[in-house]
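Colleague: Sequence:
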Amino acid sequence: MAERVLNPGAALGYLVDQLVGEPPAAIHPVAAFGRYAGALEHRLYSDRRSAGVWFVALAVAPPAAVGLVLRRAVGATAAVAIGSAASIAGKMLTAEALAIAADLEHGDLDRARHRVVGLVGRDMAAADSGEISRAVVESVAENTVDAVTASMFWGVVAGAPGVLVHRAVNTLDAMVGHRSTRYRNFGWAAARLDDALNYVPARLTALAVLVAAPKRGRAVLSTVVRDAGAHPSPNAGVVEAAFAASLGVRLGGVNRYGTRIERRPRLGDGRDPAPADIADAVALARRIDGLVASTIVAVSLVTYLSRATGTRRRRFVRRRGYTAASSSS
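Position 210 of the sequence shown, counting from 1, maps to 331 under our numbering, and the rest follow consecutively.
To be clear, the hints were calculated from the coordinates, so they are not data collected in a lab.
Hints should not be assumed to be uniformly reliable.
Here are the computed distance ranges between Cβ atoms for each label pair [to be verified]:
| no. | residue 1 | residue 2 | range |
| --- | --- | --- | --- |
| 1 | Ala147 | Val190 | 33 to 41 Å |
| 2 | Arg408 | Pro144 | 37 to 45 Å |
| 3 | Leu165 | Gly338 | 44 to 52 Å |
| 4 | His227 | Lys336 | 29 to 37 Å |
In this text, all values refer to a predicted model and were calculated from it rather than measured experimentally.
Backbone N, C-alpha and C fix where the C-beta goes; we use that ideal spot for every residue, glycine too.
Just need the whole structure built from these sequences, with the hints factored in.
Modeller: Structural data, given as structure tokens:
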């Protein structure tokens with residue numbers, strides 16, 4: 122356990138993402154995994170939960186194996202850094218959100234609608250500026266967990282295999298974890314496993330909102346306690362409620378998925394989101410990401426120094442005992 126706490130690789134991976142961003146899709150490991158998972162689904166699909174369980178098991182086995190091989194080949198810290206850099210997508214998330222905000226501020230609704238479908242799965246063809254703003258703020262909140270903090274969490278807790286398995290499961294959830302007729306049963310395992318892997322990271326991220334926005338701390342806590350449980354997702358509701366209270370907006374409402382209309386519970390007591398709130402959500406997400414990465418580095422450094430001090434103390438005691446024994450003889 123001590124070795125895992127010492128490992129700052131997840132923070133290094135986050136730094137790489139911020140400096141470099143995403144590689145082209147043709148060589149992106151997550152895109153390659155998506156192609157593999159798509160081919161696997163084609164072979165295994167059946168409208169049964171058991172088929173979905175086998176699909177998830179066979180899909181996540183290669184990423185887990187890659188993580189183990191990486192750890193053996195380059196060491197624990199480098200392996201986690203590589204896995205985290207491949208998994209974290211914070212820079213892309215915030216860049217897309219800000220681009221949509223710019224489109225809205227310039228009155229280019231068509232371009233904003235076109236962009237936002239890359240962040241959310243709902244139908245945005247007729248969305249107005251307020252609906253797009255709400256969708257982007259909700260996406261930034263949810264993906265702060267999915268695309269950043271959960272990856273760092275699993276990098277610390279379970280090393281390179283953990284961070285790669287989390288990214289794989291999150292990708293599978295995006296592919297098949299829908300409540301559509303096709304995936305209601307087949308996607309059940311991916312959706313439930315994604316919920317389980319994000320359960321702790323989502324709540325730690327909500328706690329980070331408290332630290333990142335202390336003046337709104339009481340509102341954040343009360344909103345999460347009151348509203349989060351009404352959301353259909355056990356994790357998205359927690360972090361979206363925290364963001365809503367911190368930003369002073371109200372999230373949730375009517376979402377359209379083709380011909381299906383879903384009425385999400387309201388989160389928060391504020392006004393409806395506007396384009397300017399997107400930049401505020403991005404700024405909050407960046408503070409949270411930086412806080413989590415800094416905490417990992419700080420804990421790693423303190424643990425390392427504590428271990429080094431303890432090692433030197435034990436060596437000193439042993440030398441002293443040896444000297445005393447030599448003198449008495």
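Colleague: May I ask you to test the hint 33 to 41 Å on the CB atoms belonging to Ala147 and Val190?
Modeller: violated (23 Å)
Colleague: Return holds or violated for the Cβ distance of Arg408 and Pro144 against the range 37 to 45 Å.
Modeller: At roughly 26 Å between Cβ atoms, Pro144 and Arg408 fall outside 37 to 45 Å, so the hint is violated.
Colleague: Do the Cβ positions of Leu165 and Gly338 conform to the proposed distance bound of 44 to 52 Å?
Modeller: holds (47 Å)
Colleague: 29 to 37 Å was suggested as the range; check whether the CB atoms of His227 and Lys336 agree with it.
Modeller: With a Cβ separation near 31 Å, His227 and Lys336 satisfy 29 to 37 Å, so the hint holds.
The structure fails hints 1 and 2 (numbered hints given earlier, in ascending order).
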